[in-house]
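Protein chains: 4
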Amino acid sequence: MTLHQMTSKDNLLALESKYCSWGDTVHYAKELNIFKRAEGIYLYDQDDVEYLDLQMWYSAANFGYKNQRLNEALKRQIDTLPQLACQYLHEEKIQLATKISQHMEKTFGVKGRVHFNVGGAAAIEDALKIVRKHTGKNLMFSFMGGYHGRTFGATSITSSYRYREPFGHFSERANFIPYPYQFRCPEGKDAKTCCDLSCLKRFEKLFESEYYSVLNPKNNNCEMGAFFIEPVQATGGYIIPPADYFKGLKKVLDKHNILLVDDEIQMGFYRTGKMWAIEHFGVVPDIVVFGKALTNGLNPISGIWAKEELISPNVFPPGMTHATFSSNPLGTAAGLEVIKLIEESNFSETVPQKGKYFVSLLNKLQKKYLQIGEVDGLGLAIRIEMCQKDGFTPNRELTDAMMNIGLSGKLTTGGKQRGLILDVGGYYKNVFTLAPSLYITEKEIDLAVDLFEETLQKGIVTTA
Amino acid sequence: MTLHQMTSKDNLLALESKYCSWGDTVHYAKELNIFKRAEGIYLYDQDDVEYLDLQMWYSAANFGYKNQRLNEALKRQIDTLPQLACQYLHEEKIQLATKISQHMEKTFGVKGRVHFNVGGAAAIEDALKIVRKHTGKNLMFSFMGGYHGRTFGATSITSSYRYREPFGHFSERANFIPYPYQFRCPEGKDAKTCCDLSCLKRFEKLFESEYYSVLNPKNNNCEMGAFFIEPVQATGGYIIPPADYFKGLKKVLDKHNILLVDDEIQMGFYRTGKMWAIEHFGVVPDIVVFGKALTNGLNPISGIWAKEELISPNVFPPGMTHATFSSNPLGTAAGLEVIKLIEESNFSETVPQKGKYFVSLLNKLQKKYLQIGEVDGLGLAIRIEMCQKDGFTPNRELTDAMMNIGLSGKLTTGGKQRGLILDVGGYYKNVFTLAPSLYITEKEIDLAVDLFEETLQKGIVTTA
Amino acid sequence: MTLHQMTSKDNLLALESKYCSWGDTVHYAKELNIFKRAEGIYLYDQDDVEYLDLQMWYSAANFGYKNQRLNEALKRQIDTLPQLACQYLHEEKIQLATKISQHMEKTFGVKGRVHFNVGGAAAIEDALKIVRKHTGKNLMFSFMGGYHGRTFGATSITSSYRYREPFGHFSERANFIPYPYQFRCPEGKDAKTCCDLSCLKRFEKLFESEYYSVLNPKNNNCEMGAFFIEPVQATGGYIIPPADYFKGLKKVLDKHNILLVDDEIQMGFYRTGKMWAIEHFGVVPDIVVFGKALTNGLNPISGIWAKEELISPNVFPPGMTHATFSSNPLGTAAGLEVIKLIEESNFSETVPQKGKYFVSLLNKLQKKYLQIGEVDGLGLAIRIEMCQKDGFTPNRELTDAMMNIGLSGKLTTGGKQRGLILDVGGYYKNVFTLAPSLYITEKEIDLAVDLFEETLQKGIVTTA
Amino acid sequence: MTLHQMTSKDNLLALESKYCSWGDTVHYAKELNIFKRAEGIYLYDQDDVEYLDLQMWYSAANFGYKNQRLNEALKRQIDTLPQLACQYLHEEKIQLATKISQHMEKTFGVKGRVHFNVGGAAAIEDALKIVRKHTGKNLMFSFMGGYHGRTFGATSITSSYRYREPFGHFSERANFIPYPYQFRCPEGKDAKTCCDLSCLKRFEKLFESEYYSVLNPKNNNCEMGAFFIEPVQATGGYIIPPADYFKGLKKVLDKHNILLVDDEIQMGFYRTGKMWAIEHFGVVPDIVVFGKALTNGLNPISGIWAKEELISPNVFPPGMTHATFSSNPLGTAAGLEVIKLIEESNFSETVPQKGKYFVSLLNKLQKKYLQIGEVDGLGLAIRIEMCQKDGFTPNRELTDAMMNIGLSGKLTTGGKQRGLILDVGGYYKNVFTLAPSLYITEKEIDLAVDLFEETLQKGIVTTA
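Protein chains in written order, with the working numbering: chain A, 1 to 464; chain B, 1 to 464; chain C, 1 to 464; chain D, 1 to 464.
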C-alpha cells in the first residue's frame, strides 16, 4: 500500500486500529475523526467540515490555531538554528528565561530562575527534584481532583487512583487534600451561602498533634515537603476556588516550612486573564510550573521558575537534571515570540471582558435548561457542569452524548454543517471545560453558545 | 534593557548567569559560547566561527543541521495543521506509527504497535508502565553504565548514583548488572584475547538459587519484570558489546519470563548503520524505545513500539497514559519525513563505509599517540578512549582539556579559525563519543580527524 | 566492680546511664526508679515502697502481678519442655490455637486459624503479610491516633509522624483517617450532643469519585488493602467510639472489598469486659491481632487469628513467615493457662461492674476539679483527660506533673508512703489511660481514686 | 471435647490441621511429631522416644535443654518480679546491658550501649533504625545467602526472593553481594586452591565509578548506609568465610563511610567458640545484633549493641523505638544468668576442641561416602554438604530423605529406638547445619555421628 492510498479515512482508521497504541485518549470518543487543517478557532476534518473548538488543545493553543506571527517566528528559527544541543547556549533560551524571571520579579517582587524541559510532566518532575533536594522529603501534599501529569513522579501526586491502579505500588503517593470545590463542597455546605473555608480549617487542624500524622510539633517538621496546587483545577473541571482560600493555605504552609508549587501548565499564559492564575489569589508561589501555551502548541517545551534560594547554582548545580530537548531552539524561539506577543497585547483587559460575555450568555442558557448545574469562569477558563434535572446530580451520560454529538460534525446552527469541540473533565466526568482561543470574538462566542445549545438540545433528546 | 541590547555575548551571558537555572549541563564547560546558526555538520557562533560538530546533539541530528528536506516538511505542517489535541487523529500520526510497526514486522517478524510521547525519558516511563502492568513487578534489571533519562522512573533504572543522590530514596532502584565492556572487562579479563562471556555466565548464575536474590526457582518467578538495555551504551561511552552477548542474554531472560526493553533513543535511526542498533545482535526485543533522531531534532516527539501481546487494546486500553504533546502534528510530520528519507536512502551501506573509514584514520592516530587507549565503532557511533601513556588508565584531565580546546574555537587546521565539538562520556569521563552527521563526507572526516589531532596535541601540552 | 556492688540504686543508675540505650521510653520520666518486686496490683521499689499500679504494663498484666496460677503453669513447662524449635509441635501450641479459634467460631460464627509470633509489632507484620498477599496491595488505611507498633511495617500504619521522622522515607505510609473521638470531634461538633457520624460519612465520600484518590469506581478496586483499627484507641488515649461507628465503617469496607484488621494487642483479653473489644461493636473482623495479656506478661508471644479464606494452607502455605520464638513452649503454656483461667472466670460480668464503679468515683472527682475534662471507660479501660480550667484545652503540664508525682513514691493517702503508677497517652499527651488489674477490688479502687486525687491536688499546686 | 481428650497424637494433629496456621515451617516435614519433654541434648516425643538433637532450636538452646542453673534463675525471677513495664527499670536489665557492653570494651576496645527488643527480626529493625537515622540512607548492602529475619524491614535485607515474592513490592530491597562461599566459589574458582578473595575485589571495584551504581566518587558518598553481615552464614548453610575476607571488606566499608552491622543472632554466645563469631575475623563491627541463645531459649529477648557515636542519648534519644516486652524481666534475668554461666565456663577452649573432634569424625565419614561434598566447622557450628556422587552437585533429595528419616524416630544405633534431629540449610537446601549443645560430650558426639551414618545409609537406599 502506498502512502497516497493510505490517506482515505477508512484506510487510515484501519491502520490506526492495527498499528497505533490505544493507550492514549483517542479511543475515548465513540467515533473517530481525522483532522486535516486548523485555523483560528476552527479545526477542519478531511471533508473540510468546520469544527468550532472550545478547548484549543486543552489550552495549549491559547493564541489561535495557525497564528501567523508565531508560525513565522518558528520558521525563522528553522531557517537559522533549528537544532542545538542543550549543553550549548543560544540567545532565545536566555531571552525567554529572562523574560519570565523578570515578569516574576515585577509581579511578585521575588528573584528566581527558569529551568526548561519538555512536556508538562517532566517539568513537574523537575519541581519535585527541587523540592526533594531542598527539603529532604519524598512526600508531598496535593489536591483531590488535581492533575499534574502521567510520568511516575507526576502520577504520584495526581489524585485519580485510576491512573496508578494498573502499575502497582506507588511509594511516593501524595497526601491528597480536598480542594475547595464550592459547588460540591467537601464539607457538605451549601454552595450558595458564603463559604466559611472550613475545609481549610480542617487542613490546618492536621498540624495540631503528631497523631494527625503529618507533623512533629516538637520541631515543627512536616512529613511533606511541598503542596502542589493548581490554582484553578484544570482536568478536575475548571474549578475556581474561593477568593481567600490560597492566602489562608499559604499561611499554614509558611508556618510549617512547606513549599508551595504552583502548576500553571493549563492555566498559565492568560487563560484566566493573567499571566498565571495564581496572580488572582494574592500569594507568591515558591515554584511555578508551566508548559502547553508557552509555544502556542508549536513545541512541547515546558519549564519551571523557582525562587533563587531553591535553584541558585550553589543548591541546584550543573548536572542536577537534563533532557536532550529541554531548551531546544525551536521551542525557545516560539516561546519567546509568545511572550513578546503577550507584552504587546492587552489580554489582561480583553480576556476578562470576553470571559464575562461568554459566561453571561451561558447563564442565560442555564436559566432555560435545568441540566446546567453550574456555570463559572475566570477569564476564558469556563466551566459548565451538566447535571440531572435537579441541577446537582452529575449527568455523565448527557455530557458524553453532547461531546460525541459535537464531534460528529453534523450541527447546523449558523447555516452550515458544523462540529463543536468540547472537552470533558470534572470529578464525575460531567463538566465541560471551555478554553477558547484568547482571540475569540463576541460573534464567535455567540456562535459557540448557539452550537452548544444545539448540542445540548440534541443531547437531551438522545439521552431521554 | 531592550531585546536588541541584550544580544551581545556579554549581555547574554550576564542574563544567563542571573536568570537561567544552572542545573542542566551548560556549565560543565569552562567557557560559554553562544551559537547563532547551524548547517550540515557545522555550528557557527556569534562571530561566525565555524565548529565542526562530531556529536550532532548527542545523535539527535543524524541527518545534518538544517536539512532542507526535513525542514520543508515541518514548514508544510506549520502551514496546514500545526496544532491538534492528541485525543484527535491526524494522518501523519497514523502513517508514522504504521511505518515503524511495519519495519518491525519486516525485520523481526513480530506484530506490534507504537505509542508516542515527548522526550526520551517519558517514553522510557511508558515502557515501564507496560512492563509494570504486564508483569506486576516494580523492579527492573538494567546495566551499569546504562543511561535512560532523568525523570524519577528513568533515573531509577539509570546506573549513576550521582543522579539519584540529591533526591532521597529511590524505591524502584534497578538491579544493575555489569555491561560487557571488553576494554575494561568487568571480569578483569584481557580485552585482546577472545571474550568468553563470563559476565553473562555470572548473570545466568543468579537464577540458580533463591538465595541469589532474584528468582524463586520453585515457580520460576523473577523479582524483576524486564531488563532495560542499550545495545550500544551511549552516555556510558559508545561501548559495543561482543557479538553474541545479547543472544545469550535473551536466552536467560526468556527462560525466566523477563522482558527485554531496548532503549534506542541515542542509537536508533541508523546511527550504527541499521534502523535499530539491536538489529546487529540477533535478538528480538519486546519493547523498543526511541526518540532523538526521529525528527532530526526538529521536535521532541519520542515513542515506544511494543509487541502486540503487551500493548493490544485489551491489555493497554484507552487512558493508560497520556501526554498533551505526545503525537503532536509537527512532531509526527517531521518524523514521517525522516522515515521517508531513510526509505529513500541507503544508509545501511553508506554509514558502515563511512564509519570504517573514520575508524581507520583514528586507528592510525592511535598508533602515534599512546594516550588513545581504544578506538572502536559501529557504523557512525565511534568511541575514542583517552588514557594515560600506559594506554589504559583513564585520563579525564586530557579529555576535559581537549573538549574545552575544541570549544574555544581557536583551532587552525584547514587554514581557518575553527572549533571542534566533542562530546565526553564513559564510566571515567574519558571517552569521546563521536556521532557525526550520517551525511558526513570523506573529506569532512579527514578534516575532523585533523582537527581532533590538533586538539589532542594542544591538550597534551596543556596537561603536561 | 562485682555484681553485688552494682545493685545500689546509685550504682545501677550510673551503669544505666552509661551502658543502656536511652532510645526506649525509660527516660521520659524525670526521676528514675528501680523496681524490685511485684504482687497483685502493686510494684515495689528497692526501698520496698509500694506503688499502686493503674497501668499494669500497658494492659499486659491484666491478671495481676505474680499471679500464682499462671506462674505455676509457666514453671511446670520449664520443668518439662522449656525449649522446642518452632518447626516442631508441642501440645500447648495446638491447644492454644484451638481455644482461640473456637472462641471465634462461637462468637462470630466464622472459621479461621491462629498464627503465632513474638511481640505485637511482629504479629501486625504478619497481618500485613496476609493482607498484602490476599489483596496485592501495599497500602492500608489506619486511624489518626492509632498505634500498631514500631517495626518499619507497623510504624508505616501508626499515625504519629514523630515515629517515622528520624528514619527517612516510608514507602508504605498509611492513609490515615480521623478516628471518631467524640470529646474532640474531628468534625468540630459538640461532644455532648448526639454524634451523627459525619466523620464516617466523610470517609464514605472518598469512594464516590476516582478523584478522591482511593478508588477506581469503574471496577470498585480500592488502592488500600485493609483498614487497621483499634476498636478502642489505646496509646491514642483509651478513646471509645460511638456505638454504631464500626458497623457503619464495616459496611463501607465490605462494599469495596477492603479487609478489616482488628488490633486487640492492648484491649484484648477482657480489658474492656469482653475477650476482644470489637465484640462490643457488632462487626466481624477479618483478622484479629493479639499479644500483651495473652501470657499476662510472662512471655512475649503474640499472634493473629484470620478467617480461613485468608490463612488456609492453600493461600498461606508453609514458609510464608517464620520466627524462631513464634510458638515457643513457655509462651504457649502461659497463654493456654490464661485462656483456661478466663474460661473459669466471669470477667464478662466483673469487669464491667468494676469499671462502672471506678468511673463513677472518677465522675465525682470530675465534678470537683475543672481540670478533669472527660472521664470515660469501657470495662476496665478508663480514660481521664486532663485539661485547663476550661475543661477542654489540653493540659500536658499538669498531666506530666501528676505522672512524676505518682512515680516519686511520696504520696501519703491510706496512711503509708506510696506511689501511683499512671500511664499518659492521648493526642496531646494529656490523658491518663487506666488499665488496672482485672482482679482489682472495690477497696483498691477506692484507694486508687484517693491516690489519684492526692496526685491531682499536688499537681495543681506544682503547676500553678 | 475436653482438653484431656485432645492430647492424643491423632486428636492433636487433627486440631492442628484445622486451627493452626500452616504458614510457619512445621509442615516442611513429611510426618509430624509432637514433642513432650526435653533434657540435655535430647527431645522426647509422646511415646518417650529419644531424639538426639543436632540443631538445638537453630542454636537458641546452646546450653542444653532444661539447663537447671538457667531454669532456676528464671524461676527466681518469676517469684520476685515476673512483670514490669519496660519504661521502668529493674536491675537485671541494667546488669545485662552492662555485661555485654563491658565485653565489647574489653574485646574491641570500643564504648557502646545495648538496646533490647524481642525476637531477632525486631532487633534487626532497631539496627536499621540506627543506620537510617545516622546515615540518612534507606538502602543497605547484605549478602546473597544471608538471612536476617522475616519482618518487612528484615526481609528487605534477606536475600531469598521466595520470602518477598508473595508480598508485593519491597521498596528497600538490599543490594545483595555474593558471599565468599569457597566450596561453591562465586568466582567459579577451585575451592581447594588458595582463595585469592577475587569476590572481594569485585565488590571493591563497585566504588571506582559512579556508573557502577553505588557511589558518587566526587564526594565519596555511598547510596547504601550499612553492610549487614553474618560472619558465618547461618540459614545459608553454616558457611565459614576465608580468614582475611572481613578484614578486607571492612577496609572498603571504612573508606566509604559504610557501617558494618554484625548479625550474631544464630552464631553468638559461643556457638563458634567465641562470644561473637566476628571475633574470629579481626574486625570491629559498628553494630552487633543478638538474640536466640541469649536466654538459652527461655525468653525471646533480643538486642543490639552499637558504638557510642551511633546510640548515645543525643543521637538516639528517648522514644526512638519501643517494644512492650523489650527488656522484660524474665528475659533479662535469664540472659544475665547465661552471661554469668559463660563467664564461669571455659567455652573458648572446650567448644573448639569438641568441634574439632566432631569434624574429624565427619571427615572420616566423608571418605566413606561420596555424597558428603564438604564438612567444615567453626567451633560447634558445623556444616555437612550433601551432594551427588560427584561430590559437588547438590543433592536435595537425599538431604530431605535423611531429615525425615531422622525425624521418624526409628533409628536403632546405640541399641535402642532413636531419632535424630537435623536442620537443613544452604543455597540448595542440601546442607546439614549442625548446632549441638555446647555441653555435648565426646561420647554423645560418637553417638551422633553413628546416628548420622545410619541416617545416611538409609537415605541412600531410599533415594536410590
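Please keep in mind that the hints were generated in silico from the structure rather than gathered at the bench. Each hint should be verified, as a subset may be incorrect.
In this list, chains with the same sequence are indistinguishable; a pair is considered to hold if it fits within one copy or across any two.
Straight-line C-alpha distance at most 27 angstroms; calculated BS3-like pairs for lysine-lysine [as the list claims (entries may be wrong)]: (1) Lys251 with Lys189; (2) Lys18 with Lys340; (3) Lys410 with Lys367; (4) Lys218 with Lys30.
The model shown is predicted, which means the values in this text are computed figures rather than measured ones.
Each hint tested on the structure:
no. : hint               : in the structure
1   : Lys251 with Lys189 : both (23 angstroms within a copy, 25 angstroms between copies)
2   : Lys18 with Lys340  : between (44 angstroms within a copy, 20 angstroms between copies)
3   : Lys410 with Lys367 : within (26 angstroms within a copy, 74 angstroms between copies)
4   : Lys218 with Lys30  : between (56 angstroms within a copy, 18 angstroms between copies)
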